[in-house]
Amino acid sequence: MFLALREIQRAKVRFILLVLAIGLLVFLVLFQIGLRDGLIGQFIGALRHQSAPVVVFDVQARKNIEGSRIDAGTQAALAQVSGVGRIGRLGESTFTVSNAVSRARATPKDQLVDAVLFGYEVTGPAAGLGAPTTLSKGHMPAGINEAVASERNRADGFDIGDVIHIEPGGADITVVGLAADINYSVSPTLFVSWDTFEAAKRVRNPDATAVLPSVMAVEPAAGVSVGVLVANLAAVPGVVPLSRADAVAQSPGVASVSQSLNTVIGLLVITALMVIGLFILILTVQKSASLTLMRAIGAHRRTLALTLVLQTTVVVLAGVIVGGAMMAAISPLLNSIGVSFDLVQLLVVGAGAIVVGWVGSLGAVLRVLRIEPINATVPQGMLR
Amino acid sequence: MTSTAMNAAAGTAPALEMHEVTKVYGEGENAITALASATISIGSNEMVALVGPSGSGKTTLLSIAGGLLAPTSGQVIVGGRDISHASPTELTEVRRNTVGFVFQSVNLVPFLTARENLLLVDELRGSRGKQSKARADRLLDELGLSKRLHNLPSQLSGGERQRVAIGRALMNEPALVLFDEPTSALDTQLGEQVMELIQSEVKGRGTAAIIITHDSRMTHWCDRTVRILDGRLQSDELATAG
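First to last, the sequence lines map onto chains A and B. Just so you know, we're using UniProt numbering here: the first sequence kicks off at 1 and counts up by one. Just so you know, we're using UniProt numbering here: the second sequence kicks off at 1 and counts up by one.
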């Protein structure tokens, strides 16, 4: 401790430079993670933050909720599957809406936007199955023509009290609650009752004989795991049952977005590894004469190695604080692209950074462990 | 007069005993004998000058005496402890607690102040606190460095750095202090001052010392001079009064 801190204290400039370099890398990692989660959240946040543990798709839809339709026969077959606790309809469709009749703020009368409606069971045995899980303000829809809207779009005419008109000639839906991260396809998203959803679909297609749900929202019976339920449901012909997490991960586009941004994050981690490793190694080479002297006067190898590890830990921790502060300062400007500051994420990245720092300093530690005290008797210029 | 006889004359227990110590580097045809059957005994309050040409085995002898090197054969007893077959960890402990070193080149940690360089010794021994600080301050005061406590080595002159190194070597209250050419980088006047200081500090503490030197003008500060040539101790003579 004494040695590690004294050296940092006496070589402030070089350690501050390293802290800033690590801080910048930590910030970039946090930003990339935020961007990845933000983008994915805006694409399929509604699926991720709905309450049903299992979602059943039509096999033809290739796990895309927009192309999925579950017919009545399949609905009945799914309900009979062993391990099913509750099962309900979950519909998804994009509508053109206007918020011309908004009571909360004045907006242009001809403002038309696309919004996604998710219809779920508000009443009956499956009540609440498929409802948003991140309600932050207001309440869930209690009946017809009420909605919980995506919090991100509250300033765009989707705040509590705003009235959304389904075009052309559809119902007026009042926003009664807001929920975080429930966007779908980067559009304003409304969670409504199945009846509201069905009515909206019928306005658009009055000749439809029946309005089919996009997917079925399923909850396992008591004592049945999600994995077992998924396996049981898979026996029904023509469907693909997925756990909520799998449904999110296997949504079209999500994997490629995750892979691209994870590659960038991986490169940043490698860069951090190299920066920390090379810096600590250079420092170790520069002070090898001092380390040899300390070995000669009775310092254990492990004492010197631990000093190096402690120094790395202190510097990386300082870098994590700097990176976290940068992220906290800049995140309010990045809300529009879904990037936000998350303390838990910072702690996870910080722990990872410390491990990366330790791995990075391994080369220097090995060099310290190889120092022979006899070299203290060799004139300095002859030390290698 | 033999060293044993001199120790007996001095009436002191040896700080260092080496009996038939040999050090061979390499093996087979490439084997080089750096030290051959060296036998020497140094009393607990004795200062010995070790002189000899380059490559004669001075540093090898010093390194074995200080636990920096293990002998190929023979017996080495430092401060009453037989280290002939000590493990590297045990040798580290001997260096930390029983021996003090002043090396020819690097002696101080550049990012520690004069005082911290002394405190480092106690830090490595796991003892720190007011007593350590008081001892470091007292030593530096005796060495005329009381106003240089908080200076880094780069802010000290060559002579001052050497004095700090002497203080560091004495910080663990060793049985034996080993000096490898302590005056080689100093001019004659400064060299004499440093030798006088070494004698004063070593004798004042009842500590034994071996001083490697090329400079025959410095040997008079020691109780006796031992010569070494081609790895063999040649002669052992009492110094004339300094």
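Treat the hints with caution; some may be incorrect.
Stated by the list, open to error - Below, simulated DSSO-like cross-link-like pairs (lysine-lysine); rule was C-alpha separation at most 27 Å, straight line: (1) B/K147 with B/K130; (2) A/K12 with B/K147; (3) B/K203 with B/K130; (4) B/K133 with B/K203; (5) B/K203 with A/K12; (6) B/K147 with B/K133; (7) A/K287 with A/K12; (8) B/K203 with B/K147; (9) A/K287 with B/K203.
To be verified - Selected chain A positions facing chain B (Cβ under 8 Å, derived; list incomplete): (10) F2; (11) A4; (12) L5; (13) R6; (14) E7; (15) R10; (16) A208; (17) A296; (18) I297; (19) G298; (20) T303; (21) A305; (22) I374; (23) T377.
Please keep in mind that the hints were generated in silico from the structure rather than gathered at the bench. Every residue, glycine too, gets a C-beta built ideally from N, C-alpha and C.
Evaluated hints:
| no. | hint | in the structure |
| --- | --- | --- |
| 1 | B/K147 with B/K130 | 19 Å, holds |
| 2 | A/K12 with B/K147 | 25 Å, holds |
| 3 | B/K203 with B/K130 | 26 Å, holds |
| 4 | B/K133 with B/K203 | 23 Å, holds |
| 5 | B/K203 with A/K12 | 42 Å, violated |
| 6 | B/K147 with B/K133 | 15 Å, holds |
| 7 | A/K287 with A/K12 | 16 Å, holds |
| 8 | B/K203 with B/K147 | 25 Å, holds |
| 9 | A/K287 with B/K203 | 34 Å, violated |
| 10 | F2 | 5 Å, holds |
| 11 | A4 | 11 Å, violated |
| 12 | L5 | 11 Å, violated |
| 13 | R6 | 6 Å, holds |
| 14 | E7 | 5 Å, holds |
| 15 | R10 | 4 Å, holds |
| 16 | A208 | 80 Å, violated |
| 17 | A296 | 6 Å, holds |
| 18 | I297 | 6 Å, holds |
| 19 | G298 | 2 Å, holds |
| 20 | T303 | 7 Å, holds |
| 21 | A305 | 14 Å, violated |
| 22 | I374 | 5 Å, holds |
| 23 | T377 | 5 Å, holds |
Hints 5, 9, 11, 12, 16, 21, counting from the list given before, are not met by this structure.
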